[in-house]
Each structure stands twice: as C-alpha cells, then as structure tokens.
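Trainee: What follows is the residue order along each chain.
2 protein chains.
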Amino acid sequence: MKAAILASGSGSNLQAIIDAAATDDGFGVDLALVISDRPSVRALERAADAGIPSVVIPWGGDRHAFTHEICEAIADTGCEIVVMAGFMRILGPEAIDRFPNRILNVHPALLPAFPGGHAVRDALAHGAKVTGVTVHFVDEEVDHGPIVSQAAVEIAADDDEQSLHARIQAEEHRLFPAAVKALGRGSLTVEGRTVRWRET
Amino acid sequence: MKAAILASGSGSNLQAIIDAAATDDGFGVDLALVISDRPSVRALERAADAGIPSVVIPWGGDRHAFTHEICEAIADTGCEIVVMAGFMRILGPEAIDRFPNRILNVHPALLPAFPGGHAVRDALAHGAKVTGVTVHFVDEEVDHGPIVSQAAVEIAADDDEQSLHARIQAEEHRLFPAAVKALGRGSLTVEGRTVRWRET
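Note that the protein sequences, when read in sequence, are chains A and B.
If you want the numbering used here, it's the 1-based position in the first sequence plus 378.
If you want the numbering used here, it's the 1-based position in the second sequence plus 378.
A portion of the hints provided could be inaccurate.
[Claimed, not checked] Among chain B residues calculated to face chain A with C-beta under 8 angstroms, some are:
{"id": "1", "residue": "P490"}
{"id": "2", "residue": "A491"}
{"id": "3", "residue": "G495"}
{"id": "4", "residue": "H496"}
{"id": "5", "residue": "A506"}
{"id": "6", "residue": "G510"}
{"id": "7", "residue": "V520"}
{"id": "8", "residue": "P524"}
Hints listed in this document are in silico derivations from the structure and should not be mistaken for laboratory results.
Here the structure is a predicted model, which means the values were calculated and not measured.
For every residue, glycine included, the Cβ atom is placed at its ideal position computed from N, Cα and C.
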C-alpha cells in the first residue's frame with residue numbers, strides 16, 4: 379500500500395517513518411510521495427535523501443482549493459494512506475471524504491487533553507504531571523478523530539517546553555511508524571470512536 | 379497535622395490512607411475524623427475498625443448549610459487537611475476559603491481529560507488508549523484545581539468499565555496516601571497552577 383506524507387518543517391517524524399520503512403522488512407507501506415506546503419524545508423531534503431518524490435503545494439489562502447490540489451496529488455500517485463507528519467495546515471472536508479479513516483495525525487498530548495497548536499506549553503502551564511502522545515485518524519474536527527495509539531510521558535519538576543517536547547518527540551518517533559505500518563497492513567479497524575488493533 | 383477524611387461509600391481510598399498511616403512511621407498525619415454524608419456505609423465501618431471518630435452529616439439540600447456544617451466539624455476537631463476520598467458531594471466556596479490548597483481530591487482520569495462523574499466510562503467511550511489518576515487540590519471549579527500528582531493507566535483492548543476501574547483504583551491507592559503524607563509534611567508548595575514537591 380502506498381502512503382503520502384505531508385510535512386511543513388524539519389520532518390523528524392517523516393524521518394522516523396523513513397527509517398522504519400528502511401529497516402523493517404515487514405513494514406509493507408511504500409512511501410510514495412512527500413508533500414510540503416513550504417519550499418526549502420528540511421523535510422524535503424529528507425525525502426530526496428531517501429529517494430522519495432516530493433511536491434510543494436503552497437497554501438494559497440483558499441482551504442477548498444488547497445485541499446483539492448493535495449487530494450489530487452495524493453490520488454495521482456496511487457496513495458491510499460495519508461500521513462500528517464508535522465503538517466501545519468488543516469485540510470478541508472474533501473480530504474476526509476476521499477480518505478476516510480486513512481489520514482493519520484500525531485499530536486503531542488494525550489487527547490482529549492491539550493488540543494490545539496501549543497499542546498506542550500499548555501500542559502506545562504496547566505501544571506500537569508503526565509502528558510504524552512496521541513496518534514489519531516483525522517476527522518472533521520481538529521485533534522478529535524478516533525485514537526489509534528497513545529503513550530504517556532511524565533513531566534519532571536525541572537522540565538521546560540524544550541526538554542519536555544524532546545521526550546514527547548521520542549515517543550512520537552516510536553508510535554507513529556508503528557501506526558503507519560499497522561494501517562498499511564490492514565490491522566486497524568474503526569468502530570465508532572474505538573480503533574482496534576488486529577494481529578496479522 | 380490532623381486530617382479529616384470525607385467519604386460517601388466503600389471507602390477503599392480511606393482504607394489505603396489508614397493502611398499507609400499505620401505502616402509508615404514517617405506518615406506524620408493524624409487521621410482525626412471521618413465524615414460521611416450517608417449512614418451505614420462501609421467507610422464508617424473502616425473508620426471504626428481503625429479507631430477513628432466519625433460523624434454523619436446528611437445532605438439537606440442546601441449546599442451552603444451543608445458545607446458550613448462540614449467545615450465546623452473539621453475545625454472543631456482541629457483538622458487542617460481535608461481529604462475527599464470518594465465523597466460524592468461538591469462543597470461550597472466556604473470550604474475552599476477556609477482550607478485553601480488544603481483540600482485534596484482524587485479523580486479517575488488524567489485531568490483535564492474526562493472530568494465529571496463518569497470518567498472511566500467516558501475514557502472508554504472516547505476510545506482513549508491511555509487514561510489514569512489525578513490527585514489535585516480542590517478549587518472553585520469541579521475537577522480543576524492544581525494537580526498534585528498523576529499516573530497513567532493503559533487501556534487494554536478487552537477492558538470494560540469494571541476492569542479498567544480496578545487498575546485505576548490500584549493507582550489511586552498508591553498516589554493518594556503519598557499526597558496526604560506530603561501535604562501533612564509541608565512538602566507541597568503551590569505556585570499558580572503548579573504544585574512543587576520538596577524533599578523534607
């Protein structure tokens with residue numbers, strides 16, 4: 379099964395997935411396309427280094443047109459899985475309609491706690507003692523779709539946003555490739571809000 | 379330092395605190411009073427078995443009067459710490475005013491996720507893969523005050539509400555007595571929403 383990976387920045391989650399695909403014989407997902415909304419980002423270099431074709435689709439200010447262009451690029455490549463790996467734009471309903479329960483996102487908190495764009499900072503400001511990582515399917519609402527996997531990360535007394543984010547990212551790099559692999563192998567089924575993992 | 383413990387039902391968290399006080403020479407908190415809003419509950423038997431005086435203060439339908447009566451009972455016994463151990467009533471503002479950052483509550487989820495009276499059921503219905511336990515100070519809002527401690531609990535594919543609640547309660551019985559001990563020893567300081575643990 380082919381996957382398209384959407385990224386906007388450094389692409390560290392993209393790299394984790396590239397590494398998993400390269401080292402795990404059973405990974406079973408062909409990383410066929412990287413899409414960035416911004417040129418000259420590290421994610422595009424990582425794609426080139428891994429021999430993965432990439433396209434830049436700039437945000438033009440119209441979510442409908444932007445989403446349509448991305449969906450067409452994904453479909454043209456024959457991709458059936460979409461991976462949001464640090465992609466900073468929200469896709470419109472066309473993407474969810476065309477790839478239902480096929481779009482994965484990773485969020486640096488244990489959803490439904492701390493949704494939104496500043497999850498690590500928000501967890502610290504709230505005085506939480508435990509936060510974590512959520513891999514979830516994308517649905518119509520932001521940071522809301524069915525949860526594929528979660529891992530807890532303890533917050534230390536001397537943590538700042540940077541140190542906490544680093545430990546959260548380490549968990550992202552463990553959970554996210556495993557979720558992509560499971561989706562590609564048909565191991566994930568969605569019943570309402572519950573995602574079940576099946577052995578294959 | 380003396381503590382009053384408020385309970386409404388089986389009192390399993392009360393028992394965990396009684397056991398900790400009995401076995402830990404450094405516990406340092408005198409369990410001086412158990413208050414129940416209901417007669418004939420197991421928590422009152424546990425208090426009697428441990429030699430702790432108890433009173434029943436029935437909910438009369440007026441939160442202000444109910445809260446005042448409880449505060450007077452606590453103050454009359456010289457208690458400076460209040461522990462909500464499965465107490466099913468919400469106290470009014472007088473209690474927070476008289477015991478600021480001195481009222482501990484335990485909640486069966488990782489707040490701010492799944493507040494309210496059905497936290498375990500809500501976590502399952504949401505399809506969460508990780509939930510947990512929060513010990514927090516009580517403030518003016520329900521399930522909201524500064525977080526003293528949290529522990530994560532993984533949700534298994536075959537969990538139902540009962541099996542998940544049992545694992546959550548095991549964590550409650552570990553975290554809650556430790557928080558009572560720390561509060562009694564003056565090891566907890568509150569800065570805004572952040573609770574810091576100091577070694578004593």
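Trainee: Starting from the hint list further up, note which numbers the structure goes against and sort them upward.
Mentor: Hints 3, 4 and 7 are the ones this structure does not satisfy, whereas the remaining hints hold.
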